[in-house]
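Since chain D is already given, all that's left is putting chain Z on it; use the hints.
Heads up: the sequence lines are chains D and Z, in that order. According to our numbering, the residues represented by the first sequence are 817 to 966, in order. According to our numbering, the residues represented by the second sequence are 14 to 122, in order.
Because the hints were derived from the structure by calculation, they are not lab data. Incorrect hints may appear among the rest.
Mimicking DSS-like on lysine-lysine, the simulated pairs with C-alpha atoms at most 25 Å apart in a straight line are [stated by the list, open to error]:
1) Z/Lys-107 x Z/Lys-117
2) D/Lys-876 x D/Lys-824
3) D/Lys-818 x D/Lys-876
4) D/Lys-824 x D/Lys-877
5) D/Lys-818 x Z/Lys-107
6) D/Lys-828 x Z/Lys-78
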Amino acid sequence: MKHNLILKVVSKFLIPLIFLFALYVQFHGDFGPGGGFQAGVIFSAGIILYALVFGVDSAKKVIPLHILRVLASLGVLIYAGTGVASLLLGGNYLEYGVLASTQLAGQHIGIIVIELGVGITVMAVMLIMFFAFAERGRPIEDVEDKEGSQ
Amino acid sequence: MIVEILSWICLVLGGLLGIVGGIGMHRFPDFYTRLHAASTTDTLCAALLLLGLGLQAGITLASFKLFLIFAFIFMTSPAASHSLANAAMIGGLKPFLLNPLDSKPLDKS
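Isolated chain D (complex conformation) (with noise of 0.2 Å):
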């Protein structure tokens, strides 16, 4: 039997749990305590734990060092295209009253995207920190898996 089979059985368990409360701090953040940085940050532990539990090589087969780049300036992309779309819709940069009919929708979807910009790029900002720091270095060798291939 494996030695860390309890750690993967439940942290199988948790890990959709941790993007599902994720998703709830990330879209409950107008109501709520929450918003996207602390969002973004969940869902990158959620993954991190997935690479410590399963290792930084099969958590790379889930979300590629490309995708994560992409993702990284996706978000930033969406936070600056808020502000520039109010402009073009005759507002000040970030005024989110313009962008829907009323004040207060306006004032609504504003914070709901931007918030999701933020999340977006602190979830992949926070990984491709974490792979950086793994990397460094001879990785840790599992004992009982260096004994099995003996």
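This is chain Z only, laid out in the frame that chain D set:
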């Protein structure tokens, strides 16, 4: 009134367990005994505190959220302790043992 008393009994017991776990972690001699003190008290401490808070809240959305937190801690806390002890064992940390004849520490060799 009875619910109030029960809830405070749960809260105080949970707090006491937390303090006992802290003292154990401070006073025990090596990693495994410290982990034992912290992990065994921690799960029941959190469960009792959340049960006490849930009794205060009654059947509401808040107590449902407390139940979700309880389910989360009930899964994660023993798993975290297990993985810590497992990593120490695989990493080669020997437990601190006493000689049963004279109650002096055994040689580490």
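Exercise. Which hints, by number, does the structure contradict?
Worked result: Of the numbered hints, all hold.
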